Amino acid sequence: MKKRFVLAAAMAATAALALTACQQGSASGGGDNDNDGGGESGGGEEVVTLEFQSLSDQPLAMEAVQGIVDSWNADNPDIQVELVQAGWDGIYDKLITQFNGGTAPDIIHYEAGSIAPFAVDGYLADLTDLINPDFASDVSEGIWESVTVNDQIIAYPTTLQSYMVFANTDLLEAAGVEVPTGATMTWDELREIAQATTTDGQYGLGWGLSSPTATFMSLGLGFDGGYFEGSGSDVTIDVGEGELAVPEAIHQMAYEDLSLDPVSLTQSGSEVLPSWYAGETALTVQGSFRVASIGTDAPEGFNWTVLPPLEGSVSADQAANPQTYSVNIDSEHVEESAQFLDFFTSTENLAALAYADALVPASASARDALAEQTADENGWAAVLASGDSLVAPPFLTVDAYTQWKDTVATPAFQRFLADEIDSAQLQADLTDGWEQVNR
Amino acid sequence: MSATVVSRPGVSSRAQRREAIALVVPAMAPIIVFSVIPLMAGVYLGFTDATLRRNDVADFIGLDNFVRLMGDRFFWESFRIGLVWAVACSVLTLLCAMGLALLLNTDLRLKSLTRVLALIPWAMPPVVVAIMWRMIYSPTAGPLNAALEAVGLPAVNWLGDFSTALPAVIVVAVWSGMPQTTVLLLAGMQQVPTEQLEAAAVDGANAARRFWHVTLPALRPVVLASTALDFIWSFNSFGLVYVMTEGGPGGRTMLPMLFTYLEAFKNRNIGYASAMGDVLVIAVLLVLSVYLIQQFRKGKAER
Amino acid sequence: MNQRAWFVRPLQYLALVGYLFFLGFPLLWLVSASFKSSRELYSLNVTLLPVEWTFTNFADALERQNLIGSASNSFVVAITTMVLTVLVSMPAAYALARFKGRLRAVGTGWILLSQVFPTILLILPLFLILRTLQLNDTLFGLILVYVTFTMPFSLWMLQGYVSAIPRDLEEAGSMDGANRITVLRVIVFPLLLPGIIATAMFTFVAAWNEFFLALVLIQSPELSTLPLTLRNFIGVAGAVDLGPLAAGSVLATIPSLVVFAILQKKLTGGLLAGAVKG
Numbered sequence: 000m001k002k003r004f005v006l007a008a009a010m011a012a013t014a015a016l017a018l019t020a021c022q023q024g025s026a027s028g029g030g031d032n033d034n035d036g037g038g039e040s041g042g043g044e045e046v047v048t049l050e051f052q053s054l055s056d057q058p059l060a061m062e063a064v065q066g067i068v069d070s071w072n073a074d075n076p077d078i079q080v081e082l083v084q085a086g087w088d089g090i091y092d093k094l095i096t097q098f099n100g101g102t103a104p105d106i107i108h109y110e111a112g113s114i115a116p117f118a119v120d121g122y123l124a125d126l127t128d129l130i131n132p133d134f135a136s137d138v139s140e141g142i143w144e145s146v147t148v149n150d151q152i153i154a155y156p157t158t159l160q161s162y163m164v165f166a167n168t169d170l171l172e173a174a175g176v177e178v179p180t181g182a183t184m185t186w187d188e189l190r191e192i193a194q195a196t197t198t199d200g201q202y203g204l205g206w207g208l209s210s211p212t213a214t215f216m217s218l219g220l221g222f223d224g225g226y227f228e229g230s231g232s233d234v235t236i237d238v239g240e241g242e243l244a245v246p247e248a249i250h251q252m253a254y255e256d257l258s259l260d261p262v263s264l265t266q267s268g269s270e271v272l273p274s275w276y277a278g279e280t281a282l283t284v285q286g287s288f289r290v291a292s293i294g295t296d297a298p299e300g301f302n303w304t305v306l307p308p309l310e311g312s313v314s315a316d317q318a319a320n321p322q323t324y325s326v327n328i329d330s331e332h333v334e335e336s337a338q339f340l341d342f343f344t345s346t347e348n349l350a351a352l353a354y355a356d357a358l359v360p361a362s363a364s365a366r367d368a369l370a371e372q373t374a375d376e377n378g379w380a381a382v383l384a385s386g387d388s389l390v391a392p393p394f395l396t397v398d399a400y401t402q403w404k405d406t407v408a409t410p411a412f413q414r415f416l417a418d419e420i421d422s423a424q425l426q427a428d429l430t431d432g433w434e435q436v437n438r
Numbered sequence: 000m001s002a003t004v005v006s007r008p009g010v011s012s013r014a015q016r017r018e019a020i021a022l023v024v025p026a027m028a029p030i031i032v033f034s035v036i037p038l039m040a041g042v043y044l045g046f047t048d049a050t051l052r053r054n055d056v057a058d059f060i061g062l063d064n065f066v067r068l069m070g071d072r073f074f075w076e077s078f079r080i081g082l083v084w085a086v087a088c089s090v091l092t093l094l095c096a097m098g099l100a101l102l103l104n105t106d107l108r109l110k111s112l113t114r115v116l117a118l119i120p121w122a123m124p125p126v127v128v129a130i131m132w133r134m135i136y137s138p139t140a141g142p143l144n145a146a147l148e149a150v151g152l153p154a155v156n157w158l159g160d161f162s163t164a165l166p167a168v169i170v171v172a173v174w175s176g177m178p179q180t181t182v183l184l185l186a187g188m189q190q191v192p193t194e195q196l197e198a199a200a201v202d203g204a205n206a207a208r209r210f211w212h213v214t215l216p217a218l219r220p221v222v223l224a225s226t227a228l229d230f231i232w233s234f235n236s237f238g239l240v241y242v243m244t245e246g247g248p249g250g251r252t253m254l255p256m257l258f259t260y261l262e263a264f265k266n267r268n269i270g271y272a273s274a275m276g277d278v279l280v281i282a283v284l285l286v287l288s289v290y291l292i293q294q295f296r297k298g299k300a301e302r
Numbered sequence: 000m001n002q003r004a005w006f007v008r009p010l011q012y013l014a015l016v017g018y019l020f021f022l023g024f025p026l027l028w029l030v031s032a033s034f035k036s037s038r039e040l041y042s043l044n045v046t047l048l049p050v051e052w053t054f055t056n057f058a059d060a061l062e063r064q065n066l067i068g069s070a071s072n073s074f075v076v077a078i079t080t081m082v083l084t085v086l087v088s089m090p091a092a093y094a095l096a097r098f099k100g101r102l103r104a105v106g107t108g109w110i111l112l113s114q115v116f117p118t119i120l121l122i123l124p125l126f127l128i129l130r131t132l133q134l135n136d137t138l139f140g141l142i143l144v145y146v147t148f149t150m151p152f153s154l155w156m157l158q159g160y161v162s163a164i165p166r167d168l169e170e171a172g173s174m175d176g177a178n179r180i181t182v183l184r185v186i187v188f189p190l191l192l193p194g195i196i197a198t199a200m201f202t203f204v205a206a207w208n209e210f211f212l213a214l215v216l217i218q219s220p221e222l223s224t225l226p227l228t229l230r231n232f233i234g235v236a237g238a239v240d241l242g243p244l245a246a247g248s249v250l251a252t253i254p255s256l257v258v259f260a261i262l263q264k265k266l267t268g269g270l271l272a273g274a275v276k277g
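Residue numbers (numbering that gives the first Met the number 0), protein chains in the order written: chain A, 0 to 438; chain B, 0 to 302; chain C, 0 to 277.
Worth flagging that the hints you see were computed from the coordinates, not collected in a lab.
Treat the numbers as computed from the prediction; the structure is a model and nothing was measured.
Be aware that one or more of the hints could be misleading.
[Claimed, not checked] Here are some chain C residues pointing at chain A (derived, C-beta under 7 Å):
1) 37
2) 41
3) 43
4) 45
5) 123
6) 126
7) 130
8) 184
9) 215
10) 220
11) 231
12) 233
[As the list claims (entries may be wrong)] Among the chain B residues that face chain C by a calculated CB cut under 7 Å, a handful are:
13) 131
14) 135
15) 142
16) 143
17) 147
18) 256
19) 263
[As the list claims (entries may be wrong)] Chain B stretches covered by chain A per the calculated footprint, using a threshold of three residues with CB under 8 Å from any CB of chain A:
20) 70 to 80
21) 98 to 109
Note that beta-carbon positions come from the ideal geometry of N, C-alpha and C, so glycine has one too.
Can you build the whole structure from these sequences, using the hints too?
Pasting the structure below:
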């Protein structure tokens, strides 16, 4: 008898403890950022310390970020920024625990597609009225949309990437293909070049699509293929002609034209590069940031260029998924954080950051500055030009997107790319899967 | 003979209990704070609609999550894959490790080299293991396909092909799990009294019979414990697979824990995900209890 | 002793070489990659050894990431976890193995439950508890968590090894009039030593390799452990710096090899045979 009671009491105590722990975590964020140092509000003399969690991990980028922080700290003795270095790998999980545990830093570096859920869940400060108007007008509407959640701007967009076609110019020449020079290139043109450069046992195009969903979501925009209608939990999916255009074009090249290496479809982007470097494929589609590493990784004497951006039936639009800098809603210094971020995103700083990571700066002025700086470097002009057609993709604010992407879309696209199902089945799988996920 | 503890005359069962408690207490303290409480909280969350929203208030919703889970065919498909994966990993690991441990327990040359080599895979972070094997399996620039082509066989797209992806990751799991099981078995073999083996040898039992009738029965508790844990860990692991295939191709390596992770962290429905966790616990315990009871019986019968 | 067929030996060696190859080849490949230039890593030319040996990957790994610092953090964490876990779980495992009854049922039940329930779902409550105790972002907190998380395994393994020790040995000891402690120390402990070593190795490795808990519990870069640092070679969108990562991994394996070399001698020494007979 007595034992029973003890057991029950222990269980109750345990549950209560756990529950209080949970509630504490969500509620106490505001008052609990004691490691922010100097958090005591009051006298104007106080030095404010902002914790800034940065993910930039390439040596050049780390240097650039440190440089910006150092010069800010030198000029602003009252608002000191403390740089905390983290890594990209696992950062999502880290942020989940930081926010739920109330230990998130003041300033948070991430990317639009992945930070949006945190905004939806209410963890990010509304920056709409804090952003410097000059910067606001310097960045395109499409990019601003990508960092707008529930009509609030929740991050400073900084640098972006697009998908570009990289070509081995020697192989193009050998196949008698002229390098296209237009402002854009149609999918048919890509198909023709891939066919022309396909020879006995060698494919014209290698495309690393082991994680195909992001690429299809992005390039689909050129065919008006947005997949989703609505935002939040009130969303419908529409997989039609526009959505299927890109997967079908790729499928056609791989299995009808035999001009796209089907093995490459199961590899990652960087795993496809060796074949391109070795001259086995003439073309490869890669993230624009590759322009920076081709110089060091390609064999000597390798001649290459970047082809004009791909244009779909409607436009050359691709998804804008900028890297972002957000402010914790529970930070005691939201305004100071925004001030620092205004400085962080100034033309000069943004150009330096973008150059270090080989990405496209979000602001037009920084793009111009970078264009001047990289005038002599191969590929940069095309990369920077692609910045004009980056727009917010509909999936950014869709609640169950990630779950659908990982459990439904990616497997379905992979089956389609492996020629295991046809496009009607793909369409059915994508749509049914969305319903299953949202049951 | 094994009814109770060392039954010394004059020792009351109360003193025994006190002794037992004294022995267990140091282990209990950290377990209660860092394991039992989070565990209770986690199990309980499965009965709520908790999310990861800011200032979320979780309501108790009874069995709703479980009812919903019953109809979630993606979950059950991943559950099936998880079972195949866990059984294959634990059985293959046990077989490979047993063979290696037997070899290492003899007087062969090379065995000290093997013993050290056998331990290295164990000391590598899973992410490094995964990246290293991705290099080996690479369809274009990997040594495995280069070797196949050198002897005139067709290249295989190991991780990209629907039929080879799961077996390929299982091989990696065996590679990285074998060292640990080997060490455990080897330690167990060291405990087998040499007198018994010698006696059996004198009776004319050959090596196979000695293994079957002396070594294996003596190893039973160790084999039991390590296979059971291997099974659980394989079922629960997703780090290795996540880096290697991200659940692909076509969902062929979507392990249940990966699925639960996506629901908990990416979809932020921690309540529903905890319900998945609860179901997984029950399912795995059912599978295990069948195995354990059967093995315990066998063990008793042989004694 | 007994006659054995002539083919047994060669077969044994064949099997051993097979194991050696399976276990060793991937490692060889990794070591070789750590000496290859990025240009060579990005070529289709598959060679076992680097065409051109380069040390830049090692320089890069050491310079770019706080490899030494995080290795020493990992070492401290892993060794402490190992010692604490073994010290705490040895008596408890003995109790589990020898005192049948409710204790055993509850103990076994908890061990299984704690291993089966997804760690991912324990992270948030655990994080909140540690924060309440002000132990987040400390190596000590990390060690306590590792001790807790490796304990089920070491309890279970150790109780398995204890069960394997014939009870008559202990009884014989106590008949001789030795007290409980002496029996444990003189008879049980030496027999148990290989099991303890194996368990210790396990806890060391588990703490050495653990990534997820360290990721969420450790904030300060100067407290970062090795798996965290190695992960920093994986950049945005999973892009991997193969060369430096390979070099970093090779360097990172050395300390645990040293620990293994020391422990594994004890694992299978001649010392044990004597103990059993004595």
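Status of the hints after comparison with the structure:
1. Residue-level restraint check for residue 37/C holds (minimum Cβ-Cβ distance to chain A is 5 Å; threshold 7 Å).
2. Evaluation of the residue 41/C hint against chain A yields a held restraint, the C-beta minimum of about 4 Å falling below 7 Å.
3. Contact between residue 43/C and chain A, as hinted, is supported at the beta carbon level, the nearest pair being about 4 Å apart and thus within 7 Å.
4. Interface restraint check for residue 45/C: the shortest CB-CB distance to chain A comes to about 10 Å, outside 7 Å, so the restraint is violated.
5. Interface hint status for residue 123/C: upheld, as the beta-carbon distance to the closest one in chain A is roughly 6 Å, under 7 Å.
6. Contact between residue 126/C and chain A, as hinted, is supported at the beta carbon level, the nearest pair being about 5 Å apart and thus within 7 Å.
7. The beta carbon of residue 130/C comes within 6 Å of a beta carbon in chain A, closer than 7 Å, and the hint placing it at the interface holds.
8. Interface hint at residue 184/C: violated, since its Cβ lies 34 Å from the closest Cβ of chain A, which is beyond the 7 Å cut-off.
9. Below 7 Å, beta-carbon pairs count as interface contacts, and residue 215/C has one with chain A at about 4 Å; its hint therefore holds.
10. Of the supplied interface hints, the one on residue 220/C holds, with its beta-carbon coming within about 5 Å of a beta-carbon of chain A, less than 7 Å.
11. With 7 Å as the threshold, the beta carbon of residue 231/C comes within range of chain A, its nearest partner Cβ sitting at about 4 Å, so the hint holds.
12. The criterion of a C-beta within 7 Å of any C-beta in chain A is met by residue 233/C, whose closest approach is roughly 4 Å, and the hint holds.
13. A hinted interface residue such as residue 131/B counts as satisfied when its beta carbon comes closer than 7 Å to some beta carbon of chain C; here the least separation is about 5 Å, so the hint holds.
14. Hint status for residue 135/B relative to chain C: holds, with the closest Cβ pair at about 6 Å, below 7 Å.
15. Taken as an interface hint, residue 142/B checks out: its beta carbon lies about 6 Å from the nearest beta carbon of chain C, inside 7 Å.
16. Look at residue 143/B: its Cβ only gets to about 9 Å from chain C, farther than 7 Å, so that hint breaks.
17. Annotation: residue 147/B was flagged as interfacial toward chain C, and the flag is violated, the nearest CB pair being 11 Å apart, outside 7 Å.
18. The criterion of a C-beta within 7 Å of any C-beta in chain C is met by residue 256/B, whose closest approach is roughly 6 Å, and the hint holds.
19. With its C-beta approaching chain C no nearer than about 6 Å, residue 263/B sits inside the 7 Å limit, and its interface hint holds.
20. Only residues whose beta carbon comes within less than 8 Å of a beta carbon in chain A count, and the segment 70 to 80 of chain B has 4; three or more means the coverage holds.
21. Under the rule that three or more residues need a Cβ within less than 8 Å of chain A, the assignment of the segment 98 to 109 of chain B is violated, with 0 such residues.
Checked against the numbered hints listed earlier, the structure breaks hints 4, 8, 16, 17, 21; every other hint is satisfied.
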